[in-house]
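Now that you have both chains on their own, put them together as the hints suggest.
Quick mapping for you: the protein sequence lines, in order, are chains A and B. Taking my numbering, the leading residue of the first sequence gets 105, the next gets one more, and so forth. Taking my numbering, the leading residue of the second sequence gets 95, the next gets one more, and so forth.
Hints listed in this document are in silico derivations from the structure and should not be mistaken for laboratory results. As the structure is a computational prediction, the values presented were derived from the model and not from experiment. Hints may be right or wrong, so weigh each one.
To give an idea of the chain B side of the interface with chain A (calculated C-beta under 8 Å), a few residues [claimed, not checked]:
1. Tyr196
2. Phe202
3. Phe214
4. Trp267
Within a straight-line C-alpha distance of at most 30 Å, the following computed DSSO-like cross-link-like pairs (lysine-lysine) qualify [to be verified]:
5. A:Lys420 - A:Lys211
6. A:Lys211 - A:Lys284
7. A:Lys420 - B:Lys155
8. B:Lys155 - A:Lys211
All residues carry an ideal CB built from backbone N, CA and C; glycine is no exception.
Residue-level listing of the chains:
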Amino acid sequence: MNLDLPLIFAALMGAAILAYVVLDGYDLGVGMLMPAATDAEQDVMVASIGPFWDANETWLVLGVGILLIAFPMAHGQILGALYLPVAAMLTGLMLRGVSFELRMKAKGWHAELWNWLFWFGSFLASFAQGYMLGRYLTAFEPGIGAMLFSLVVGASLCGGYVLLGATWLILRTGGELQKKAVAWTKWGLLWVALGVALVSIGTPLASEIVRDKWFDFPRTLGLMVLPLATLAAWLWVWTRLGKSDWHPFAGAVAIFALAFAGLAYSVFPYIVLGGIDIWQAASHPSALKITLFGVVLVLPFLVGYTVFAYRVFRGKV
Amino acid sequence: MPMDAGDALLLARAQFGLNIAFHILFPTLSIALAWFLLFFRVRYAQTGDPGWLATYRLWVKIFALTFAMGVVSGITMSFQFGTNWPGYMERVGNIAGPLLGYEVLTAFFLEATFLGVMLFGMDRVSTRVHILSAAMVAIGTTLSAFWILALNSWMQTPAGHVMDGNVLIAGDWVKVIFNPSFPYRLAHMLLASGLTASFFLAGLSAWRLLQAPQDAGALRTLRTGALVAAVLAPLQVLVGDLHGLNTLEHQPVKIAAMEAIWKTQKGAPLVLFAIPNELAGRNDYAIEIPKMASFILKHDLDAEIQGLDAFAPDVPPVAPVFFAFRAMVGVGMLMLAFAWVGSWILRRRAPRWLLWGFAAMTFSGWVATLAGWLVTEIGRQPWLVTGILRTAEAAGRVPEAALGASLAGYAFVYSVMLVAYVVVITHLAGEGEQK
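In isolation and in its complexed conformation, chain B is listed as follows (with noise of 0.2 Å):
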């Protein structure tokens, strides 16, 4: 490959890989704050106390806020599709285009339009029609993400296709969505969603009993909060190794990115911790359990397991996938302790350090979920579409100056925007409620 095609690939991955990670942030909480919305709701039609209206109140606002960083953060990926992966549209267009047009069609115009009825008609409609539009803004945020998930799963463990010519059309549309990997990845987003706006609600109202330590609608959210995030968080943890096991059957080198297992060997080690070594092959500095990578993935402590060497050359860098891996379990075990400990002590009192932990944990879900979207992305690689498609041949023909213009002026534009985010909802969180 000569040195600028790769350098043109490199800022149209770097470019699409931006936008995204920014995107993710967004739909990541909003998914599951809109089914926390829909219960505060019907809470208050429930049992008329206005506490849960005050609630329901200040974390719409929230809601609006992340929803528009949403919308105009996705917008830009219909137009990047096609402008930074032409090759992408061209051989996979006809499974990709349909499962994006339902996402369109089902999702995002049920959400937005009563988005609206949501925000702005409480004192228009009826309680019925308004929690009725709450639903159907949580439905819709939830079928936006069966059908993206169907296509990134698609993508990572393509079932269901035919060819025709040179090109790739759906032979069975069942087997296209319902994917090996799509059930367990899309349980596993859900899940990742759930947990961070769990830890969400839970860091602001912790902030705001911090500055407030009388306010009982912040309490009431902390433990809500922190109660569902207790409960979620052993589920991901299973899903979690449920998709891993998954993984392991359709995409074995992406496992052993991974582990860092770089000779496919019997009775493999866990690698805890090590600095893997790209050009000499081999990990440095490795602590290791001698046989228990075999153990967890096998359930058998002498079992083979095909490392690196077996799928040469078409490995993924492995650095990358192994060190957002062990982030990724590392935030999410600490999420799992914290929801249990929290919830536990939360039941009496609210101590002020514990307080603290909770509003430093307030955004540990992003960090979780970008992290886990590393190891799946980058362990996919060389590949685009697994077997199919490469990264290289989808890439477009847009102008390297054109791309690094717009990489600055979106990267620039994305920090103002998730700065002024992260401050108007500190600050309307800390205000709390009352108005």
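This is chain A alone, in the form it adopts within the complex (with noise of 0.2 Å):
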């Protein structure tokens, strides 16, 4: 049998890293949205993501995992030219994790302290993935411009969680909370909408790469769908507020997926834009195979006993 083993192991990356976005997201936009909750809220707010963060946090290190396990010469670029925000948002993901245990069991003001905490470590761990993302779409160029890019990026990208945080309250709360949740969605998705705006404006300006694949006609007319799909999602989010409680989550995801589709189309096949792509990054076969046995045998379990615990917490908190 003859696998293109770099193109499955670049499929699972993306799919893990979307899984990531998507799971972990909705944990830092809720942790974002702490502030502009009452304490009372701000607890119910933590239980309804309680449950899975652990586990949502895990889909970060099988991203990485796979980047590291089946492209080791682009982990070691990649991650070398984003040290320090990979830095920045390693200790976000460590406040934010430390605080969402401590916050439970601190009292006065060492609890407000771990709020602050909890919502800062979301905070920065969620804009340095969006300004690491901007780097890498410029390709780690120098300059102001690319600078000021990647900085919109990182905010668009806590537009986009603040966004996916807000619909999981409404999936998952109910009464006062619930409406503050359709508020808040709606600041998501004008945030979003700007954001969206401004980074499919910057990037073809940005990179030439991306340039070239987005304005090849007639191709540039098929790839049309995704944006047109994208404001399909966002219309559907927008008009079913208020009238159901998971549609605007799963519109929200929709949002998030298409997103990703039009990132993953702009830089395949590379995986340093303009530098290496994937077939050039990758590892040996012999450990390709090894570790796609490993996915295959364990990954109906993985997805299976998530479903378990989705299942097991399903409702609201």
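Listed below in structure tokens is the structure:
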């Protein structure tokens, strides 16, 4: 059997990263929304993500793990170039995770401090992830333009996570908090619309490779499906607000999946934009085969017990 | 080597070492703590005694915090493998990568997902499913130890690989995983985890009893911890000895550094204490037992032991290995004595001096584990993968300023986290089970 192993692993890595972005995205979004809620609401918000955040964060380890295992050369290049934003993101994730545990156990001003660190950690991790994406898309070029673009992507991803977090709260909570979440979702939608527009204009300006891929007629016409579908998902979320509990979240996930598909199309087959492609960066076939064997063996169980955990905690908090 | 390359290497090692040292504290605790929790949970299901439930509820909170500390510090590792040691992944990534991948796939998701059910699902699932979840968490933590120690052991005593051009690939995965030092190292680490968690349970329960002498649950937990430690400690002495003999066979230079034996000699003395003098290649102020090292290592008073001179210039720094080894053995012996004397006395009573003693020993497992880890990792230098890849060859090209800045940042965050962790668990344990 002749498998294109690097292609399979690129797809797996994409799936893991998308799973991470959606799953930890709603956690981080909920974290960023904390200051807008009352003390009692904050406890409900944290409880809504409590059983899941550990496992959600594990998708990041899987995504980075596949990068490390399957494309080690790219792992070193990409993460070496992103060293400081990665350190910032990790610091944010650490503060978020530890504050999550400690805010429940602390009292008085300690609890306030951990609440604040929970918000700050969520924000720092989200912003750093967006910033890293911006740097990645500009092929780590120095200069003020690339830097500005990366900052815009950072801010946009925060908006995206706020949207995911707010729609997650619509799904998982009721009453006054759910009403607030509807308002937050509207803000999130506007933020995302602005962000997606800016990033869509900026990306082809910032990267020649992406520009060539986007404006390659007649493919461009087919590619138009992505922005149109994104617009449809956006409108769907807006119109379903207050009418359905789970449609807004599903729509937000769809927006992320579409944006991710657009990114994947823009970058493929490069793994370091303009540098190395997935076949050049790939590990030895023997390493890929044994890992793929493990993935095929374990993935059904992984999906199975993840679904089981979500079923156990279904319904309102 | 130019000066700046040396500084960058030192910074890269310091940063990675700091991260691993901080990270290892929490899995060391949580691996065995997960099995203790399963025991508490099963005892509650069997007896229906609410005391066991209260014990479970208290320690599951402490476990959740410990686990979270392990997860967040562990994520850092997955990034730093590539950034700090790109040469490592280039040369041996085809072996290290899949082993790490199996850890993520078989262990991380299992423990993290079932932890959610274990922590928050007690009222939502049946007793059987809840116990199953606790068991999955325990199995997951142990599986992650299996894979990470397979990789670490392979780096110490590589086997089963073949060369493919300039890089290594696996020829036989069974030989890669079950490399010569793996069974000893895995057993040594799992026992270390068991002892660390036992003293942690016993110490924090003793702390509670000092404030509330009537707390029956805390006394029961103290007895459980002391008793498990009393069983595991002698096993650890035995396994440690076997591990040492295995090291003598496969990494004799590490033994020479541990024992500060500079010159190859027959009837080598056991150095009880000395200040190793790296420049002169000898021990200052040495207190020795003649011929004892030969006897312990080869079971023959006149056997020849290879000294550091037999391996020069590829030898590790002697002093840190020598002292860390003595710290590990010293703390380990203290733990053995405490566990035996303590569990004997605890059969009938719990005098305050003993409670203070156990409370003082709460983190003794951490000290011994870190010391042992320093012995095995520094003792491997200058190699990253013994005989295959030098640490210096694997270092990255991250600018020193970025390394230095992030090192300072990590050090600050870790200090805050560690202080917060110790304060919170001491507070939780001090409050006790009733709530």
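Each hint, compared with the structure:
1. Tyr196: holds, 5 Å
2. Phe202: At about 5 Å, which falls below the 8 Å cut-off, the nearest Cβ of chain A leaves the hint on Phe202 of chain B intact, so it holds.
3. Phe214: Nearest chain A Cβ about 4 Å off; hint holds.
4. Trp267: For Trp267 of chain B, the interface hint holds, since the closest Cβ of chain A sits about 6 Å away, which is under 8 Å.
5. A:Lys420 - A:Lys211: holds, 27 Å
6. A:Lys211 - A:Lys284: holds, 26 Å
7. A:Lys420 - B:Lys155: holds, 23 Å
8. B:Lys155 - A:Lys211: holds, 16 Å
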